[in-house]
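Each chain, letter by letter, is given below.
Number of protein chains: 2
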Amino acid sequence: MKKSADYKKLIEKFGAKPFNQQLKKKLGKTHKLMELGFIFAHRDFDKYLEMYKRGGRVAIVSGRGPSNYLHLGHLLLFEFIKYLQELLEAEVYIPLSDDEKYFFRKVRNLEEAYKYAIDNALDIISIGYDPEKTHLYVSTKTGWVYPLSVELSRHLTFSTVRATFGFTDETNPGAIFYGAVQAAHILGPTILKGYPVTVPIGMDQDTYMRLTRDIAGKIRVFKPASLYIRFLRGLTGEPMSASNPETCIFTVDDSETVKRKIWEAFTGGRATVKEQKLKGGEPDKCVIFEWLSAYYYEDLKEILEHREKCIGGGIICGECKRMLSEKIVEILVEHRRRREKYRDLLSKYFEHEI
Amino acid sequence: MKKSADYKKLIEKFGAKPFNQQLKKKLGKTHKLMELGFIFAHRDFDKYLEMYKRGGRVAIVSGRGPSNYLHLGHLLLFEFIKYLQELLEAEVYIPLSDDEKYFFRKVRNLEEAYKYAIDNALDIISIGYDPEKTHLYVSTKTGWVYPLSVELSRHLTFSTVRATFGFTDETNPGAIFYGAVQAAHILGPTILKGYPVTVPIGMDQDTYMRLTRDIAGKIRVFKPASLYIRFLRGLTGEPMSASNPETCIFTVDDSETVKRKIWEAFTGGRATVKEQKLKGGEPDKCVIFEWLSAYYYEDLKEILEHREKCIGGGIICGECKRMLSEKIVEILVEHRRRREKYRDLLSKYFEHEI
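Chains as they are written, first to last, in my numbering: chain H, 1 to 354; chain D, 1 to 354.
Hints are not guaranteed to be accurate.
Identical copies carry no separate label here, and so any pair may be met within one copy or between two of them.
Here are the simulated lysine-lysine pairs, DSBU-like style, with alpha carbons at most 35 angstroms apart [claimed, not checked]: (1) K218 / K341; (2) K141 / K106; (3) K141 / K277; (4) K141 / K115.
Simulated from the structure, these hints should not be mistaken for lab results.
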C-alpha cells in the first residue's frame, strides 16, 4: 500500500506499530488480506497474542452501524474476522449501533436502524460464524449497554469528546454521549467477561480508539488492541461507501447492477485498446485489479501473474471486468443461498430477543 | 407564601398560572398542603383535570435521585402524591435516577445509587401506595429508558441543554445527555401508555419542565402538566437539603438526633423568655411553626389558634420545639413500623427485578 501522510502520522506520532513479518510469523496461519498489505499496522496486538498464547481467552469486537445494506467490503472484513476467530478461538462481539446511526442522523428512527441491523446480521452470520462464540446485539436493546456507558462516561469530559467528534451548538446531546457508548461496546467483553479485546478498524477511526484506550488506562483494564485495515478502494476510485452506491456492490444488488457498476469502474487502462496492447496497463492504479486480488484469486502467485500479464499488454480492461463481474455474481448467488440457510438460526446469535 | 421575584417570573414571564380557588373547587377534596399555600402554581393542570373528568386515565410522574436517605420533606411530597393518586385514580411512576446522580457526581458508582434507590423505594411505598397503580424503576435497569431517551434526544440540541443545565468543558458527556433521559422519564407514560402526565415539582426545576414540554410539542403528545410546590423550609432556615443534614430530619435519624436538630432550629422567638411573653413571638418567620403546621396539626383552625397564641406571647419556643420533637419521633416510629411491614412487598412495585 501507499505510505500516505496519515499512515506516517499513525505510526510516528500516535505510536501504532507496523504489522510486520515477525507478527505474521507469531500468528502462524496468515490471511490473504495480510499478504496483500491490507492489514498494515496495530496497537498492542503483540501483547494480545501473548495473552492468548499463555492460554487466556480473547475477544474481537467489530461493530456495525446499521443504516444501510452491507456491501462486499463489509463481507471481506467479516471474513477476515472469522479467520481470526478460528485462529485464536476468540469470542466475537458484534454491536449493531442503532443509537449511533440515529444520533448522527443516518436513519429516521430506531425502527429503520433495527430493520437494517437484522438484515446486516443475517449477512454476517451467513459467512459461517459459530453461534457459540459469536454475539450480536442491537445497542438500545441490550440491558448492559446503557449502565456501562453511564459508568464509563465519567472518565470522559465534554472537551475530550468535542475534540474527537467535533461538535457544534446544533449537535444532538446523544452524539456527545455516544463516545461513552462506543467505549462500552469495545470494553464490555473486558470489563464484564475478563477477555482482552482486539478491534479491527480503519485508520480514520483511530481517534475513537485512543479515547477508549485512555478510559481503559484510567479504570486499569487491558487497553484494547487494534488492527488497522486499509479498505479496498471503491469502484469509482473513491473510498467505498454505502452512501455513495456506485462505489460499492451491495449484497442485495442484482446481477445487472453488478455488471453495470463494474463496467463503469475506474481502471488502470489506456485510452485505446491499441495503446494498451502496446504500452501495457497500469495494474497498481487499477481498482479492478485490486478487486480481482481480493475476490477472484486465491493465492498471491496468481495475482502476480495477472499483474505481469496486464503490464505486458496481454490482457485488456474489458476482459478483467468480465472476469470480476462473473466472479462477483457467483459470490453473491452463493452468499444469498447461504443467507436463506442461516435465516432460521439468526436468533441463536443474538444476546436479546429479536 | 411570600410572592418572591422568582414566583412572579414563573407566573408572569414563563406563563405558569396561580393555583387558585377555582382549581381547588374542581379538584373536590383538597389537601392540607394546598390550604397552606404550598401548592402555589401550575401549568395545564386544568387541562389534565378535564381529561380525567372526561373519563381518561391519567398518570403522575415524580422522580427521585437516589444519593442519600429520604427526609421528612420527601415523605410529605409523596404523601401529597398519594392523595392525588387516590383522588384521580392515577397511575404513579417513580423513576429512581441512578444515572443522574452518577453523571452529576453525587454518588461514587451506580451500586451506591442502587443501594439508596432500594432504601428510598421502601420509604415511599410504606406511605401506603397501591402496588397495582404504582410503578417504581431504577433508570439504568429499565429496558425502555435508554431507547426512549435516544429517540427524544434528537429534539434537543447541545445549545438548548447547555442553556438549561449550564455546562463547562469538564462536564461529563452523560450530564449533557441527561436532559433526554429526564424527558424520557416524564414523557414515558404518555408515549408508551397514552396517559396524560402531571409532575409535581419545585419552582427551580421549571427550566427542565419547559425543556420537556418543548419536546412534547414537537412530537405532538400531551404537554406534561406541572404543579409547583414550595417545599417546607429547613430547620436552620435554609432550604431543606439532604447534603446539609442539619436542615432536615432523615427517616433514619434516631430520636436523640431528632431532638437535637429541632432544639437547634431557627425560630421566630425573642432574645429572652421575658421579652417573648411581653412582645409575643413571630410565627410567620418561624420554621418550627411551619413544621407544626405541616406535621402536627390536622386542620387549619388549630394552626391559626396556635399562631394567635404565639403572637400573644402565650407560648414560648421551648414548648413548640418539644411538641414538634415528640410528634416527629412518633411519626418516625410509626413510619419504620410500616417500613418493616412493606419490606416483603417491595418487588411488587418494581418494573424490573431488584
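- Message: For a quick check of understanding: which of the numbered hints are violated here, in increasing order?
- Response: 1 and 3
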